Amino acid sequence: MLATLIRKELLANLLTMRLAVALAFTVLLTVLTAFIGSLEYSHNWDLYELERQKYEQKISEVTVWNQLEPMLFVAPQPLSILSRGLSDGAGAHYTVFLHWMSVTPHPITTADTDLMQSLVRIDFTTVVAILLSFLAIVLGYDAICGERERGTLQLLLANSVPRSTVVLGKLIGGLLSIWIPLALVFVVALLILLANPDVTFTGDDWFRLIGLFLISCLFLGQVFALSLAVSACSRDSATSLIVCLFFWLIAGVGILNVAPSLARYGVDEPPFFEFLQQDRELWDEYNGLIEAWENKNPRPDDSYFKGLQAKGRMRYHHPLAYEWQARRNGFALEKRLEASDRRFKIFRANQMPLAEEALLVDKWSVASPMVTYQVLSYQLARTTLADNLYLANNAHRWRTDYYDWLRGKGVFADRSFFTDDLPHQEPLIPDPLSLSPDDAAPDSEYMRGRMAWMQQEEERRTSNATGLDLTDLPKVGTDLRRDLAASLTEMVPGLAVLLLSFGACVMLVMMRFLTYDPGR
Amino acid sequence: MLPLFFVANGVIYALKIERDVAEISRIDSEFAEKISEVSELNGAIGRWYRLTARSTGTEFITEGGANWFSDTYWVNAQSGNRSTEYGRSRTTNHWIRRFEIVDWTLIVRLILSFLCVVMAYDLISGGHEQGVLRLTMANPISRGAYLAGRALSQFSMLMVAAALGATVSLLILVTTGVLTLDAHILRGILLFFLGSSFYVAAFLLLSAGVSALTRSSATSLVVLMLTWAVLTVVIPQTAYLYGMQTVDFDYDWNDKQWDLRNETENALAQDGISLRDSGRKDFFAQAIRHREAIRQFLSGRDADDADSPHVLFLPDYVSKKPLDSKLIPHFQQVPLSTADGVAAGVVPIVILILEAALGFFFAFTAFLRMELAGGS
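Heads up: the sequence lines are chains A and B, in that order.
What the first sequence shows, in our numbering, is residues 1 to 520, in sequence order.
What the second sequence shows, in our numbering, is residues 1 to 376, in sequence order.
The shape of chain A in the complex, shown without the other chains:
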């Protein structure tokens, strides 16, 4: 009996003009968003590869630790084509600097200009949240009160079918008729993605994709159940429709736009200049410490520092200079790391209220199924701000490991930190103090001869350069991002709200329908 009822609902829904029109729109948009998103992904993938190659090239050429500045890369995630969130399908990198830690990783994209960012983007989840949810409402708003108006409800109930079976048939039939179009557009989007050779899904991605489909089903089911509940609560379909549409407008468009604005002006934003001020004080303090150290340990005469100097790397300096520099580094680098940690803390304190505004938007999403659904999909695709912060935290942890490792190697107080000169490498000026002022002048014959010698040495070096030994560099771990279990934990509140409200709507429909007056 239930099967017959479900079949009747399914056919009544699927063979209507309104479904055909809505479906045509939805498929068109899905194709558009998936296709353009896929093109953008390829573009971002190329940039990511380019950036990686540049980095590989760079570290193969680096010969002193000072110049290393390791980078951690996060590849563009194919899932973010369907669920853009903050990442827009771009990869990201996190660079380890001595003096600076960033709050979030740096996206590798050309699209983060002010201008492009201020335009709102659309993806598969938008299509589901706006268009398919509308379809769910259209299917549900007159399912009960419409039949009453047409008088068919009385006929239906005259049969020896329990009311619970009738309403269950309506519910399941309606759910299936909204899930079939969803499956269709999901497959269309997936096919477009798979047609792109740059897109490769890992096992984890497949689980997340299935998750995305399931929460889309749950979300649409919830909206359908809600409209069914409204239908069961009203006597005529016009009222039911108006109520449903206003709900849709408030939940879909209203909350999405009002919540961020309220968050933006409801939370106090500490001005950026406060950070700049504290930063200046911090570095003044650091410079004071260094100055005090240098007063105690005077720097050798400038003439000892003659040689080549490029981006923190020294060559052909006098051993005395190297010895002093290494001692200074042994003191200064530790202080510098401390300072950069403190700087990160004040920067974070300055920026977190801004992040808090963005996170509030996600938290308030429980007020609207549309927004809850979108936030859940971003969490699945790992494209929320919280995911970015999580990633950065992992990167910070690695940064600590990296400097611990360097410290363990004794590199900080060693000349290998800033020079690749071999211990027996002759300096540019063997004994600066015995040199007469005339000879020490840059254009003297003596200096010209030494310069020519240095050029020769440089050429010899480039022909047999050896890079740093990075074989025991700390491992990054499998992935900087959240694993599936962590993502699911993150999603629990949103999922609970969706499930509970779905359950509540179903209960409401059941209860109302059992006492519903089918009379005209």
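Just so you know, these hints were derived from the structure itself, not from any lab.
Predicted model only: the values in this text are computed from it and were never measured.
Heads up, some of the hints might be wrong.
Once the Cα atoms are required to be at most 20 angstroms apart in a straight line, the calculated EDC-like pairs of lysine to aspartate or glutamate come out as [what the hints assert, rightly or not]:
1. LYS16(B) to GLU269(A)
2. LYS58(A) to GLU458(A)
3. LYS320(B) to GLU40(B)
4. LYS335(A) to GLU291(A)
5. LYS16(B) to GLU356(A)
6. LYS321(B) to ASP305(B)
7. LYS320(B) to ASP302(B)
8. LYS16(B) to ASP268(A)
9. LYS34(B) to GLU274(A)
Coverage of chain B stretches by chain A, computed from C-beta distances (three or more under 8 angstroms per stretch; other residues unrestricted) [to be verified]:
10. 103-113
11. 214-221
Computed, partial: chain A to chain B, Cβ under 8 angstroms [as the list claims (entries may be wrong)]:
12. LEU245
13. PRO271
14. PHE272
We put the CB at the ideal spot given by N, CA and C, even for glycine.
Dock chain B against the given chain A, drawing on the hints supplied.
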């Protein structure tokens, strides 16, 4: 419903304007303090001048890119140096810029147009389904007059609702003391409602036309809602994707791309000009003119001093005489005149009027050709 959004608008902008005012005055006083340190021509030439764009005052009506675009121009008088630089001085939260802000434009664009559809989807088909339409048409009344009458009554109802909502929002803004109504703002409001009325008319007439064409309220509603979603949500959002694909963008900047970027940004800024009254482009032009004014002032001062080597504009090669920092020209942005604002918005305004006219012809012909027989 409509007032609800306007209340939200009032509250948000009361908070926002308060913050903006505090921030701008802080920026201004900071800069004034720096400038007061200048005591001779030398210092005046070597330094950067911060020129800040004012708030337009009508941001609660239409925000445009005011939240994101650069609002500050730094200029210096020195020759042979980079002479201009622009950026943003006020705090911007880049993490939530994927969201729009609730200004009046958003309310009209999304909510009012939605109400148009809800009010008018059964404008013709409803009467047809109930059989009332045939009875009405049996009277000596032309179809055109019937359509015009019904559409006009809906139109005036919506506009009155919008005006009431706007009044609520204005009340909040005025009573919290962040806004003082002046001629400039009133003109903005008037222009806004003029533009909105064309927009509302276009949506109403479109709905009426579809209603007549489909002859069934349910189908009419589905078609209209989808059209609404595509016109107001989907097409604007697709602009980003379209922009991404049509403009080729190289990772490494070069001059050509800077030009391109500036050009696009200016074009976008111009879109907001008609009602935002201070276009970004105009602000930049004013900033450049102000740089000239500073240079002229400095060269005048230098010419007065016979001992100066007169090598303009290089620090250390100009007059060493003391200079009163208060005399340096002070930048005050001149708001774009209404005429210029409207002129800049001519194309969109004309398109809007054309759309309303198109809606009228569509509704009219659809209704005139409608077969009335067969209503239930």
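Results for each hint:
{"no.": "1", "hint": "LYS16(B) to GLU269(A)", "result": "holds, 11 angstroms"}
{"no.": "2", "hint": "LYS58(A) to GLU458(A)", "result": "holds, 18 angstroms"}
{"no.": "3", "hint": "LYS320(B) to GLU40(B)", "result": "holds, 6 angstroms"}
{"no.": "4", "hint": "LYS335(A) to GLU291(A)", "result": "holds, 12 angstroms"}
{"no.": "5", "hint": "LYS16(B) to GLU356(A)", "result": "holds, 17 angstroms"}
{"no.": "6", "hint": "LYS321(B) to ASP305(B)", "result": "holds, 8 angstroms"}
{"no.": "7", "hint": "LYS320(B) to ASP302(B)", "result": "holds, 9 angstroms"}
{"no.": "8", "hint": "LYS16(B) to ASP268(A)", "result": "holds, 11 angstroms"}
{"no.": "9", "hint": "LYS34(B) to GLU274(A)", "result": "holds, 17 angstroms"}
{"no.": "10", "hint": "103-113", "result": "holds (count 3)"}
{"no.": "11", "hint": "214-221", "result": "holds (count 3)"}
{"no.": "12", "hint": "LEU245", "result": "holds, 6 angstroms"}
{"no.": "13", "hint": "PRO271", "result": "holds, 6 angstroms"}
{"no.": "14", "hint": "PHE272", "result": "holds, 6 angstroms"}
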